[in-house]
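**Q** Sequence:
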Amino acid sequence: MDTTENNNYDQCVTNDTFIEYQNAAEWNKDQRLTSLKNSISFTNLWLGIIAAYCAFELLKEIVLVIILYNAGTSVIEVLQLLGNLP
Numbered sequence: 001m002d003t004t005e006n007n008n009y010d011q012c013v014t015n016d017t018f019i020e021y022q023n024a025a026e027w028n029k030d031q032r033l034t035s036l037k038n039s040i041s042f043t044n045l046w047l048g049i050i051a052a053y054c055a056f057e058l059l060k061e062i063v064l065v066i067i068l069y070n071a072g073t074s075v076i077e078v079l080q081l082l083g084n085l086p
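The sequence shown begins at 1 in this note's numbering and counts up one residue at a time.
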């Protein structure tokens, strides 16, 4: 192999290696972004479930207070029934 062929071979190997490196780097970046998106989605799902549960519990108490108050129960008795007063 003369000098020109040797340089062309080295350049080809370097270019191929660089392209493989770039492809691997791009794949890693895509995987990190996908993982991050999945983590955010999972976190948002659990936060949504917790928020829905809290809203449901609060709504239950509000409805109970309205029902008891309309039934003639005093506010103090309602709070005692809910456990908010001794």
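There may be inaccurate statements among the hints.
[To be verified] Between beta-carbon pairs, the in silico distance windows are: (1) 34 with 59: 32 to 38 Å; (2) 67 with 28: 45 to 51 Å; (3) 28 with 55: 37 to 43 Å; (4) 49 with 76: 51 to 57 Å; (5) 24 with 46: 41 to 47 Å; (6) 51 with 74: 30 to 36 Å.
These are calculated hints, taken from the structure and not from any lab test. By construction, the Cβ of each residue, glycine as well, lies at the ideal position given by its N, Cα and C atoms.
**Q** Hints first: check each against the structure and report whether it holds.
**A** Consistency of the hints with the structure:
| no. | hint | verdict |
| --- | --- | --- |
| 1 | 34 with 59: 32 to 38 Å | holds (37 Å) |
| 2 | 67 with 28: 45 to 51 Å | violated (58 Å) |
| 3 | 28 with 55: 37 to 43 Å | holds (40 Å) |
| 4 | 49 with 76: 51 to 57 Å | violated (35 Å) |
| 5 | 24 with 46: 41 to 47 Å | violated (33 Å) |
| 6 | 51 with 74: 30 to 36 Å | holds (32 Å) |
Violated hints, listed in ascending order, are 2, 4, 5; each of the other numbered hints is respected by the structure.
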